[in-house]
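Asker: Make the full structure from the sequences, and use the hints.
Each chain is listed here by its residues.
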Amino acid sequence: MNFELTEDQRMIVEAAAGFAKRSPVARMRGLRDDAVGWSPEVWQQMAQLGWLGLALPEGVGGSGGTIVDAALLVEQLGMVLAPEPIVTSLVAAHAILAAGNKAQRDAFVAPFVEGRASLALAWAEGPWMRYDRACRAVAVQGDGGWRITGEKRFVLEGHTATHLVVTARLAGVEDSVALFVVDPGMPGVTVRPLRTIDGRRAAHVKLDVVVPEDRRLRGDGKPALDLALDLGAALACAEGVGIMRTVLAMTVEYLRTREQFGVKIGSFQALQHRAVDMFVETELARSLATAAAIRVDGDDATERRLAVSAAKVQLHESGRFVTQQAIQLHGGIGITDEHDVGLFFKRMVALNAIYGDADYHVARFAEGG
Amino acid sequence: MNFELTEDQRMIVEAAAGFAKRSPVARMRGLRDDAVGWSPEVWQQMAQLGWLGLALPEGVGGSGGTIVDAALLVEQLGMVLAPEPIVTSLVAAHAILAAGNKAQRDAFVAPFVEGRASLALAWAEGPWMRYDRACRAVAVQGDGGWRITGEKRFVLEGHTATHLVVTARLAGVEDSVALFVVDPGMPGVTVRPLRTIDGRRAAHVKLDVVVPEDRRLRGDGKPALDLALDLGAALACAEGVGIMRTVLAMTVEYLRTREQFGVKIGSFQALQHRAVDMFVETELARSLATAAAIRVDGDDATERRLAVSAAKVQLHESGRFVTQQAIQLHGGIGITDEHDVGLFFKRMVALNAIYGDADYHVARFAEGG
Amino acid sequence: MDLSFSPEHLAFRDEVRAFILTEMPPHLRAKAEVDAHFEHHEVMEWHRILHRRGWVAPLWPAELGGPGLDATSRFILSEELELANAPALSPFGLAMVGPAIIQYGDDAQKQRFLPKILSGEEVWCQGYSEPNAGSDLASLRTRAERDGDHFIVNGQKTWTTYAQHADWIFCLVRTDPNAKKQSGITFLLIDLKTPGVTVRPFLTIGGTPAFSETFFDNVRVPVANVVGAIDAGWTVAKALLGHERTLIAAVGAIGRTIRTCKQIADAHDLDQDPVVLAKIARLEIRHRALQMTNYRALAGAQLGHAPGPESSILKIRGAELVQQAYELAMELMGHDALAWFPEEGIVPELEAGIASAFCYLRATTIYGGSNEIQKNIIAKHLLGLS
Amino acid sequence: MDLSFSPEHLAFRDEVRAFILTEMPPHLRAKAEVDAHFEHHEVMEWHRILHRRGWVAPLWPAELGGPGLDATSRFILSEELELANAPALSPFGLAMVGPAIIQYGDDAQKQRFLPKILSGEEVWCQGYSEPNAGSDLASLRTRAERDGDHFIVNGQKTWTTYAQHADWIFCLVRTDPNAKKQSGITFLLIDLKTPGVTVRPFLTIGGTPAFSETFFDNVRVPVANVVGAIDAGWTVAKALLGHERTLIAAVGAIGRTIRTCKQIADAHDLDQDPVVLAKIARLEIRHRALQMTNYRALAGAQLGHAPGPESSILKIRGAELVQQAYELAMELMGHDALAWFPEEGIVPELEAGIASAFCYLRATTIYGGSNEIQKNIIAKHLLGLS
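Chains as they are written, first to last, in our numbering: chain A, 1 to 369; chain B, 1 to 369; chain C, 1 to 386; chain D, 1 to 386.
Everything labelled a hint here was simulated from the structure, so no lab data went into it.
The structure presented is a predicted model; accordingly, all values stated were derived computationally and were not measured.
A hint or two may mislead.
[Claimed, not checked] Computed footprint of chain D on chain B; a stretch qualifies when at least three of its residues, placed anywhere within it, have a C-beta under 8 Å from a C-beta of chain D:
no.: 1; region: 186-197
no.: 2; region: 330-338
no.: 3; region: 351-361
All C-beta atoms, glycine included, are put in the ideal place defined by N, C-alpha and C.
Answerer: Below, the structure is given as structure tokens:
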């Protein structure tokens, strides 16, 4: 039992913290109205720093690190709301790793590690996917390969992805989930960019496309999808911890400096206790986020699912409380778009909505994983 | 729309408040270890004051008042935890009124109004009655009348009741509920007194008894039982409001006088705000308790069920918070048996467990009543 | 005690319902049926319709243009308008500066300002808060210096809701810099077209420009525009707190949002989910408690009582429940909660305004005296703790 | 980072499990399997069994009778004992006065007191709180006046847990009445058999006599019984705050109660009810968060770090969760929650102790420094707010 950082991990955190200093929240703010929404130059830098391949095996050019390594990085990036599509790409990359063969890994994951590509997982459908991963997009085998028809909603960062990992059921095979790699430029693929609440982008993807056989990942799609989404949830928790730590610090600083009634407002006991509650929630969420990242690295799928669900529920409870109270304690200024606290608040709303919401994860946890 | 008390109601409240002054919580405390648990002398006084027949029609000797009148009385009695079995008797009396004929009303309700009897409703069974009023006790018609066999749990104040109103299904009639009046002294009836958490008594009743035909209330048992339990819930809410008002006043007084760190603890903002939250919860519960009492008087069963369920859920939330925080703000002394606040706390626990708990009433409310 | 209305009041309710049915134009009705999110010009259109019927200012005395309704009728009018999702009129003229002028203004002010508030010809906004005077309003610094028949106003107000649509602003300004706190403050009416006034709308976290900052740079304001006595503006401002209208609005908005939650649950096939049903039911019960508490306050007002302890909790709980209702809607929307407006065709029309409202309504527990300030007040004045 | 144990630690865990399996007498095991509600003599029986194995005082240094375990092994030992529902040993000797004597006592005190604490021959209780010194402990008034080689002690202590079973009490007494607050307080060991000491047990709202008031009427106590320096008792007391044992106990008790909740839900046919399942799951998740936070603190201790920020939240959240767990159990019991003990045959044995524990455990957020006091401390010392 050990929660110490390794020497490598300490270096990751240090480098990421250094990056965060050079890349304040203002950068993300500036990119909100940009069509891409993130910076290709920064993406290159991240590739050069080895961050994109941090939690990927050496076979695809990665450094063979752990999910815990990635979580430490993501937590730091979350502290400045860095909008580059690392998590969304990693989620898709791990789906490819889990279900794809060597050629597919080389073709689709390696370019991402090098910063030449970004990936996105296109799985969500319908308005009711909260409890239901049932997939209505369908793939039919034919002469030229597989014809995939369907519609995917809220494909996170799908507007710029070089490749989309798409879920579809195989025609005639009940309850099946297969994974395909589809390029947005293929005929019959339309990608409509959407603005999301956190100032980022998602894509609405319509598919009526034929892909060659080598675009089908042959491994079982279900466990691969499960793992990928759990990875996304675990990293969302890590990012959320970064957000909570930041808004807590921001709020405490405000309480220490803002004066009303001739005194610092941090001298009011009710506000002090609120800040303590924020602190407590942040630490509890941090504990479970850490456990989730560790378990995603592990072999036990049940333990992974329990740990991820617990962390995601805690993120919802803690993250919501901490960001809402951060606004409340900032008073009016916290409601203005120009103050950063609202950006963190809205990113937390998004984190709670993606990779399974609290009710979904409560139910999954109650079922024993 | 009017929330003013009538002249009669003002007199009821005044008389009850006067009684409460003469009958402090110490009286109930003293009766906790008594086998009866309440005072027959006080019962006589209550009859003479017209309180027992307050919400009963003139035909049985009552004053033809409303449930709101009874609720006002019960709220005042709740403020001193008066343990006399008014509510439990009224609940059973209203079941008799709803399903019985004139002879049965005269035989069983009138003596209660005069203070010569007390009544109890024996309906609960099994460990899982929370969501389920399904009745397993069964009544079979035979030569001498009806043979009732079964077991009734937690018959509130059943240990001293002169008559028990018992629910049983009719053999062979699916989903039926019939009501019978059974006397504890009849052969084949055993009444085991139980101590309850609030220092009162309930009875565990075992039945293998034959009762004559005139002991069966011929009206439909289901709506009568429904009405009776809703009446019980509405009066539990009224009593709970009395409790909340009392512990709030008690706590505010303590905050105003208790010193720590050289100041009154009521000067600490966190404790002030807690007391305000207690105040807010008390007023919200009071609003819904009033609405419930009004609706139990009304003709619309759906509105009655919605209003009662809302009030009972609010009682649970508000009552729990207010009594728990009352203890918390009293600090160590609040944990001692010798301080009154714990008596109120435990009575609130009991009120939340009887006449349908919060989950039951949430579900009923969600179903539209 | 009685929850029902008298026959006369029931008749009045029918009258209101009929009026709404016949007088609300189809393009407003269409919006009312979806999300009740109206543009300023639509709100003013409805203002004029209500004005023609004489119902625009239910609280004003009849001789100054009010409809002369009793408290219950006023409540019925407000509730029916809320239930119909009618556009919410701007309260700054009708419910705030209007009543202030009625109570403290002189005849000239009444004649000059009240008719145009009623007709909607002049729109008002409020200039109370400043960057360094939020919860501690009395520390405001915008100063007005006397220069003959005028004051010269310098300073900055913030949170001037919809100032970009307004013609006039009522301000609290410091006229005696040496007086302590609440003293030396004056209630002043300022024409926003006066030279030196700059209105700068800013975005909220909801992405909408609901608020403005308003700057005063040597703005000349006639002394005749002071309401009440010079240096006695705090009295005028205090009298405006906790007005009836806002309370009903919160109750109505919460009820409307609960209905939306049920529709969303339906649309997402969650309407049989026991956990979801329990969440909605619990929220609905809290809403009922607020509503019934509001009834108690209104019934008291009908009988001419001063506001009882129940009214002071309405702001606190109303503000919280508005937030909880939108939060539940967001939860029920699932992934749809991600969509930022306007993304037509991606989420149902019903859901289109939820995310933005959810965000900017974090303000409800802050504005109009934050919940923390409200609790301080209750602790001191109702519970005697200090 | 790593959540797993080393092979050595896994072997130790097996050793602990085997020990419990073979050494816990059947009558204790029977109780452990139901509700882990043990009488004092049963606790002491288990104390002696653990003592024979050398595991009674995991935190003590080996040369003074501790087992010389590393932090992880100590954690494993505690967790396994908790999981087995073994009787919780009284902490007053082993975890409080013992460590105080080890750190601040002289050799004579160590030789006189420590062996009998280990063996269980002498049972201790704590004399800190007084009727007017609760949260504000430093305002205590029990005074000790010097009379040659003795102090004459007069005053009253309250909340002396299980003093009726104890042989000795460690007290904070005022030795310098003129010193301010924390100064002038002395840490004093008093034999409860000394003439002038009266112990009066009192009932809690749980109906059990867990606590006593202890009165001192001209009690003569040798000056040799002072631990640390005279007038420097506050330092000794502070060093005892937040000891490891309590933290693990809370985590274990919560986990045990969650298991009980599941059994109750089963017994009441609620184990398929989605609302009930969600409630249990949410509680279990909060418990996991506490447990993992505890792991973080322990892992830090294993590496010799001073307690990090995570440890200060354990008291607050642990106290709350204990209460929430019992509250949920009460909810799930339905009508059974009404039964007050002992009413055999009316409710399942499993539920028999719940109502009483639910009541007296309202104390968890009050004793050992109330949650409000803990928050004051965190606000000041960790967040720098004051």
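Asker: Decide, hint by hint, whether the structure agrees.
Answerer: A quick look at each hint next to the structure:
With a cut-off of 8 Å between beta carbons, the region 186-197 of chain B has 4 residues touching chain D; three or more are needed, and the interface restraint holds. Remark: the region 330-338 of chain B is confirmed as covered by chain D, as 8 of its residues place a Cβ nearer than 8 Å to a Cβ of that chain, reaching the required three. Against chain D, the region 351-361 of chain B contributes 5 residues with a C-beta closer than 8 Å to a partner C-beta. That satisfies the three-residue criterion, and the hint holds.
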